[in-house]
Amino acid sequence: MKEKQTIALMSEALEKGECSSVELTERYLKQITGLNGALNAYLEVFSEDALASARQSDERRASGSSFGPLDGIPIAIKDNMLLQGKSCTAGSKILENYVAPEDATAVRRARAAGAVILGRTNMDEFAMGSSTERSAYGVTKNPRDPERVPGGSSGGSAAAVAADLCGAALGTDTGGSIRQPAALCGIVGLKPTYGRVSRSGIIAMASSLDQVGPMTKTAEDAGLLLQAIEGEDPLDQTTVKTSPLVMKKPVSLKGLRIGLPKEAWGEGMSDAVRFHVNEAIEILTSLGAKVTSVPLPYVEEALAVYYVLMPCEVSANLSRYDGMRYGKRETMKTLAETYAASRGHGFGEEVRRRIMLGTYALSKGYYDAYYRQAKKVQTLIRRAYENAFTDVDVLITPTTPTTAFKIGEKIHDPLAMYMEDIFTVAVNVAGLPAVSIPCGDHEGLPVGMQLIGNAFEDAKILDIGYAYEQARG
Amino acid sequence: MSLTKEEVARLAALSRLCLAEEEMEKMRHELDRVLEYVDRLQKIDTEHVPETGTRPKEFLREDVALPADEAARSLIISNFPDRVGNALQVPAVFEDPKK
Chain A
1 MKEKQTIALM SEALEKGECS SVELTERYLK QITGLNGALN AYLEVFSEDA LASARQSDER
61 RASGSSFGPL DGIPIAIKDN MLLQGKSCTA GSKILENYVA PEDATAVRRA RAAGAVILGR
121 TNMDEFAMGS STERSAYGVT KNPRDPERVP GGSSGGSAAA VAADLCGAAL GTDTGGSIRQ
181 PAALCGIVGL KPTYGRVSRS GIIAMASSLD QVGPMTKTAE DAGLLLQAIE GEDPLDQTTV
241 KTSPLVMKKP VSLKGLRIGL PKEAWGEGMS DAVRFHVNEA IEILTSLGAK VTSVPLPYVE
301 EALAVYYVLM PCEVSANLSR YDGMRYGKRE TMKTLAETYA ASRGHGFGEE VRRRIMLGTY
361 ALSKGYYDAY YRQAKKVQTL IRRAYENAFT DVDVLITPTT PTTAFKIGEK IHDPLAMYME
421 DIFTVAVNVA GLPAVSIPCG DHEGLPVGMQ LIGNAFEDAK ILDIGYAYEQ ARG
Chain B
1001 MSLTKEEVAR LAALSRLCLA EEEMEKMRHE LDRVLEYVDR LQKIDTEHVP ETGTRPKEFL
1061 REDVALPADE AARSLIISNF PDRVGNALQV PAVFEDPKK
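First to last, the sequence lines map onto chains A and B. Take the first sequence: its position 55, counting from 1, is numbered 55 in the working numbering, and each next residue is one higher. Each number in the working numbering comes from the position in the second sequence (counting from 1) with 1000 added on.
Bear in mind the hints are in silico, worked out from the structure with no lab data behind them. From the three backbone atoms N, C-alpha and C, an ideal C-beta is built for every residue, glycine too. Treat the hints with care, as some may be off.
As the list claims (entries may be wrong) - Sample of chain B residues lacking proximity to chain A, with all beta carbon distances greater than 12 Å (derived): (1) Asp1063; (2) Ala1065; (3) Ala1072.
As the list claims (entries may be wrong) - The calculated label-pair distances, taken between Cβ atoms and stated as ranges, are: (4) Glu1025(B) <-> Asp271(A): 36 to 46 Å; (5) His1029(B) <-> Pro297(A): 24 to 34 Å; (6) Tyr1037(B) <-> Asp368(A): 14 to 24 Å; (7) Lys241(A) <-> Ala1009(B): 42 to 52 Å.
Could you put the whole structure together from the sequences, leaning on the hints where they help?
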């Protein structure tokens, strides 16, 4: 593979005048034309608008008023992020004809930093899935092996970055939807601390867990993209005022305390994944880090907590798709039938299943047993992490139990598909930042290492990722 | 525990989802499996544990209408499934409206 076209390298080339944003954009558009038919990473490419943005960026640079490292860099956005005047479907039929009335805050900020938006990428419907097989617009293929899934739900963004069909991409992560596809496609994917990036204009799945984040070729790039989109936003009251992300880009990790959660490192991962993540940890120790095993009680309950809380929020959030103000409306004899037909035919199988689950868990007589109990166990999980971070600086697990699986392999077994998120989901339940960093290939398929940080220590885990990438070469 | 067919039908009605007859049985089976898995939470002692709350935050503003971006306004209107002029048209709320 040729040298990675990173944000950092492209930005440097633009700055030195070695290339223009129009040239970069044209090159990506050409690559998309060549490969997207086979991969289905993009659902729509905004060629004209992208070239217009690139021209504006070049003019800014020529007049000495460039916006910074992201100015002129072509990126992709997941199809659940609003871009004014463009279709936004969230991978669903029910939004087939929906046009975004305004920009999502994260998209607006990326554009304000000069990023060129190449197009919108494929995803599991309403971000519900771990393989991108649940899109109403066809499956995305893993660039390493087109018979395999790219992971999900941000599978289109992951495949686009891995196949070099964009400089970087934005994804969203509710239970692992940035990190798992990043791992399966061999790229970097960061889920920031909950509250770091605005969710305004992101099509909601489970609001207390959703977070927007960068999907990039290096840890440094993830920092550069996050810097552009992060920060408090009056349009999302869960955003937090925090100091801007600053990466130190260390070469030594002397004194760094790494914790390996005992529970995670038991059974339940393939030998190849264990081998490669261990190898990466050895590199980190060679840089001066110390490794200890730490208990994380209750964290093994996170998937169960997630499969109560998430469907509850899904059933509430998706009640807005009633066919009245926007989206598909199927007019029937009565209003109740109109709702049921619009939703029943507009939503796919997995979405219907999660709405039903949430409706059940929230219904009279079950609320205490399911929702309230899950919110209490969530507290226990948060405490376990808080305790662990008094002794260590970072926790490491694999991102996924195995490498990319075959298309069709898990689609008929929802519970097996849910298990894909076993290492990632607790991080959302606890609201923490975590990044997946590629750490080797097994039989040509990438393995990802997950670095979990304490709340708002996003820069620290990116720095560790950076040090690892430099040492590994 | 196991859901009955009637419970699944009731959930579908509460969820405002039409489900084909053959989908009911599949849904029943799959919901059962997930519920069986999440039932592990029932074994955890949480007697003195508080629920995780959302971060309290003051984010109140004056309750006044903010001016809408004209482009956003016209796109919102263009998204209406049915309309009369610039007004959203919806089906009658009452199934048998009184004259």
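Does the structure break any of the earlier hints, and which numbers would those be?
Violated hint: only 3; rest satisfied.
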